[in-house]
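Student: One-letter residues, chain by chain:
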Amino acid sequence: MNREMYLNPKELKLFRTKQIIGKVLTYLFLTLMALYIFVPFYWMIISSLKESWEITSDRLTLLPVDRSWKALWPWDWQWSNYKDLITGIKKEAGSIGGEWMFKPMLFHLMFRNTFLVGLFTTTGTVVLTILAAFAFSRLNFKGRDLIFGIFLMTMMIPGEIFVVGNYYTFSTIGWVRSDSIWKIFGTLTLPFVGSVFYTFFLRQTFRQIPNELYLAAKVDGTSDFKYLWKIMIPIASATITTIIILSMIGVWNAFVWPTLVTNAENSTAANYHLLVSNGLLEGLRNAIDSSGEKSILNLQMAGSTMVTVPLLIVFFACKKYIMRGVSRSGIKG
Amino acid sequence: MIEYKKDGWRAALALAPMMLFMLVFTFWPIINSFIWAFLDDFSYGGRSISHGELGGYRWITGGTFIKVGIANFKTVLTDPLFWHALRNTAIIVVVSVPLTVIIGLGIAVALNSIKKLRGFFQTIFFLPYVTNTIALGMVFATLFHQNYGLVNKLFNMVGFAWINGTTATGVTEVTFASALVVLTVYTVWNGLAFKIIVFLSGLQSIDKQYYQAAQVDATPRWRVFTKITVPLLSPMILYITITSFIGAFKAYSSVIAIFGTGRYGPAGNSNLMITVVGYIYDKMDVGGTPYGVAAAASLILFFIILIITLLQLQISKKRVHY
Numbered sequence: 001m002n003r004e005m006y007l008n009p010k011e012l013k014l015f016r017t018k019q020i021i022g023k024v025l026t027y028l029f030l031t032l033m034a035l036y037i038f039v040p041f042y043w044m045i046i047s048s049l050k051e052s053w054e055i056t057s058d059r060l061t062l063l064p065v066d067r068s069w070k071a072l073w074p075w076d077w078q079w080s081n082y083k084d085l086i087t088g089i090k091k092e093a094g095s096i097g098g099e100w101m102f103k104p105m106l107f108h109l110m111f112r113n114t115f116l117v118g119l120f121t122t123t124g125t126v127v128l129t130i131l132a133a134f135a136f137s138r139l140n141f142k143g144r145d146l147i148f149g150i151f152l153m154t155m156m157i158p159g160e161i162f163v164v165g166n167y168y169t170f171s172t173i174g175w176v177r178s179d180s181i182w183k184i185f186g187t188l189t190l191p192f193v194g195s196v197f198y199t200f201f202l203r204q205t206f207r208q209i210p211n212e213l214y215l216a217a218k219v220d221g222t223s224d225f226k227y228l229w230k231i232m233i234p235i236a237s238a239t240i241t242t243i244i245i246l247s248m249i250g251v252w253n254a255f256v257w258p259t260l261v262t263n264a265e266n267s268t269a270a271n272y273h274l275l276v277s278n279g280l281l282e283g284l285r286n287a288i289d290s291s292g293e294k295s296i297l298n299l300q301m302a303g304s305t306m307v308t309v310p311l312l313i314v315f316f317a318c319k320k321y322i323m324r325g326v327s328r329s330g331i332k333g
Numbered sequence: 334m335i336e337y338k339k340d341g342w343r344a345a346l347a348l349a350p351m352m353l354f355m356l357v358f359t360f361w362p363i364i365n366s367f368i369w370a371f372l373d374d375f376s377y378g379g380r381s382i383s384h385g386e387l388g389g390y391r392w393i394t395g396g397t398f399i400k401v402g403i404a405n406f407k408t409v410l411t412d413p414l415f416w417h418a419l420r421n422t423a424i425i426v427v428v429s430v431p432l433t434v435i436i437g438l439g440i441a442v443a444l445n446s447i448k449k450l451r452g453f454f455q456t457i458f459f460l461p462y463v464t465n466t467i468a469l470g471m472v473f474a475t476l477f478h479q480n481y482g483l484v485n486k487l488f489n490m491v492g493f494a495w496i497n498g499t500t501a502t503g504v505t506e507v508t509f510a511s512a513l514v515v516l517t518v519y520t521v522w523n524g525l526a527f528k529i530i531v532f533l534s535g536l537q538s539i540d541k542q543y544y545q546a547a548q549v550d551a552t553p554r555w556r557v558f559t560k561i562t563v564p565l566l567s568p569m570i571l572y573i574t575i576t577s578f579i580g581a582f583k584a585y586s587s588v589i590a591i592f593g594t595g596r597y598g599p600a601g602n603s604n605l606m607i608t609v610v611g612y613i614y615d616k617m618d619v620g621g622t623p624y625g626v627a628a629a630a631s632l633i634l635f636f637i638i639l640i641i642t643l644l645q646l647q648i649s650k651k652r653v654h655y
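So the sequence lines, in the order shown, correspond to chains D and E.
The opening position of the first sequence corresponds to residue 1 in the working numbering, with each subsequent residue numbered one higher.
The opening position of the second sequence corresponds to residue 334 in the working numbering, with each subsequent residue numbered one higher.
Bound conformation, chain D alone:
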């Protein structure tokens, strides 16, 4: 702000005022945008704790209220929505057409499936990625750059082409919509294990490790794979953590492939292979058209909360690793 010294007092005042107005406008803009981002989360959580009559009433309530429109914070909140979501709502005795007004959503199975598929995918990805990145960054062999170049080129091809091809591959061996949970898990896991992007990401980190370390290890008679295990992996542990977290988030958000290969229509508790995204959509299909006192919009929001909150917890726990990885990726955008 050296400039201020050269201004006469009148201009200085004008300059200051302009500066303050600029600041105020900046904060105003940021606050508005932050509200835009935040309101959906707020509405989701608040709606999940309202009763149906409240959701469907004409009045706009910003907190769950009781029948006399009082917001009794927080003891009038409808936590039982979450119970209904999991145990379902039975129809009144004697009514026609099926047993359930709202079929129970098998969240424990969704979470189990997603966790296991995430575990398998991530483990496979990390092992393959470390080995491949090691080969591309440390070893010398004929055609290294050519192979790496071909790998990178596959990143430009839209995923839909892989989906069509892989769907066919898994259909021919009878794994698509199979009854066997292991075949389904295999179908959900295998196509995503060999990730070019993570290989590229880790290779960049590996390449930053100074050559002198490698040469020193060589002098001491360390083998290449021991060097990888004892030196490279510990040094790159932050990048590997980022890969683990992003890969887990990827499985949590996977929708297209699970929808295509799992059998949503005939799934029962004994035979439930859906992951969170397609399980959520399947369980709450057409909830948007439920109306009146029977509206299940609150259950829909409870379901969304169940799927969103674990991810937010992971985010706040691993903020550093996630944000570092993001600026270099384009997984969602």
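Where hints are given, some of them may not hold.
Stated by the list, open to error - Below, computed lysine-lysine pairings styled on DSS-like, alpha-carbon distance capped at 27 Å:
{"no.": "1", "chain 1": "E", "residue 1": "Lys449", "chain 2": "D", "residue 2": "Lys320"}
{"no.": "2", "chain 1": "D", "residue 1": "Lys319", "chain 2": "E", "residue 2": "Lys449"}
{"no.": "3", "chain 1": "E", "residue 1": "Lys541", "chain 2": "D", "residue 2": "Lys23"}
{"no.": "4", "chain 1": "D", "residue 1": "Lys294", "chain 2": "E", "residue 2": "Lys486"}
{"no.": "5", "chain 1": "E", "residue 1": "Lys339", "chain 2": "D", "residue 2": "Lys18"}
{"no.": "6", "chain 1": "D", "residue 1": "Lys320", "chain 2": "E", "residue 2": "Lys448"}
{"no.": "7", "chain 1": "D", "residue 1": "Lys23", "chain 2": "E", "residue 2": "Lys486"}
{"no.": "8", "chain 1": "D", "residue 1": "Lys230", "chain 2": "E", "residue 2": "Lys339"}
{"no.": "9", "chain 1": "D", "residue 1": "Lys18", "chain 2": "E", "residue 2": "Lys541"}
{"no.": "10", "chain 1": "E", "residue 1": "Lys339", "chain 2": "D", "residue 2": "Lys226"}
{"no.": "11", "chain 1": "D", "residue 1": "Lys70", "chain 2": "E", "residue 2": "Lys486"}
{"no.": "12", "chain 1": "E", "residue 1": "Lys339", "chain 2": "D", "residue 2": "Lys13"}
{"no.": "13", "chain 1": "E", "residue 1": "Lys339", "chain 2": "D", "residue 2": "Lys142"}
FYI, nobody ran anything at the bench for these hints, they're computed from the structure.
Computed from a predicted model, the values in this text were never measured in an experiment.
Starting from the known structure of chain D, arrange chain E on it as the hints suggest.
Tutor: Coordinates of chain E only, in the frame set by chain D:
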């Protein structure tokens, strides 16, 4: 020098697992898709009915086809649904990409100019990145619900059909324009986080001296923005624009999520907002296994994306300062 020693067998060992998975789940599908797209009447697991008893079919990778040709491309390009999907996708791209890039740039510049609360705002703006597309799509559907949604209650327009609502006779009241508004609001919301992060890291790498020089000359804010910030940020802007174009061209889950019917439109008009990707998956999932049509459609999508990307790179040559 040790640098030039050969590690052939070690490299083979380290690369083998990756190679195996890439061959089976990346290269094989690509090759297959290219082949199927040019096979007429390809069908898996024996002859398709249309082949009849005439014979004349040939076998390939466990399926049969009649002849090599471009019938699949003809099928796609003469399908009104494909053109409907392409039109929808193009509109989604043209509306959402500039909005996201401009708003994202605005937020990043604003964030970069403040000190207090920056971390707080940054965290808030990042939240959409770590959310589930389906879950939050359902939230936007609830926000824009015809009778119970926050938006309609807030702006006193209860009854306006954004993404749901039917007339007494059961015809859907949802129009393309209203659904597009909801989809855009959601797409922008969903895409901002990534753009802000990239722009912010770009802004932080700009040399402060440029701004100090501008300050000495008493340059107005707007000129600083258009003459310093934007040119120096242009590589980032190009990168973000291209990736957003590609991302928006593949819109799929967000459309499914906001309608909540498992389809691309409200009850009663299930193809209202169908996108090209939706079209591809629909074709693939139909009985009778017309992989050829799905493969042809995905190749068309690939070429559209490729051409747009090349065009953008070409145009940007004059405007981007590296």
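Student: Taking the numbered hints from earlier one at a time, note which ones the structure violates and give those numbers from smallest to largest.
Tutor: 5, 7 and 12
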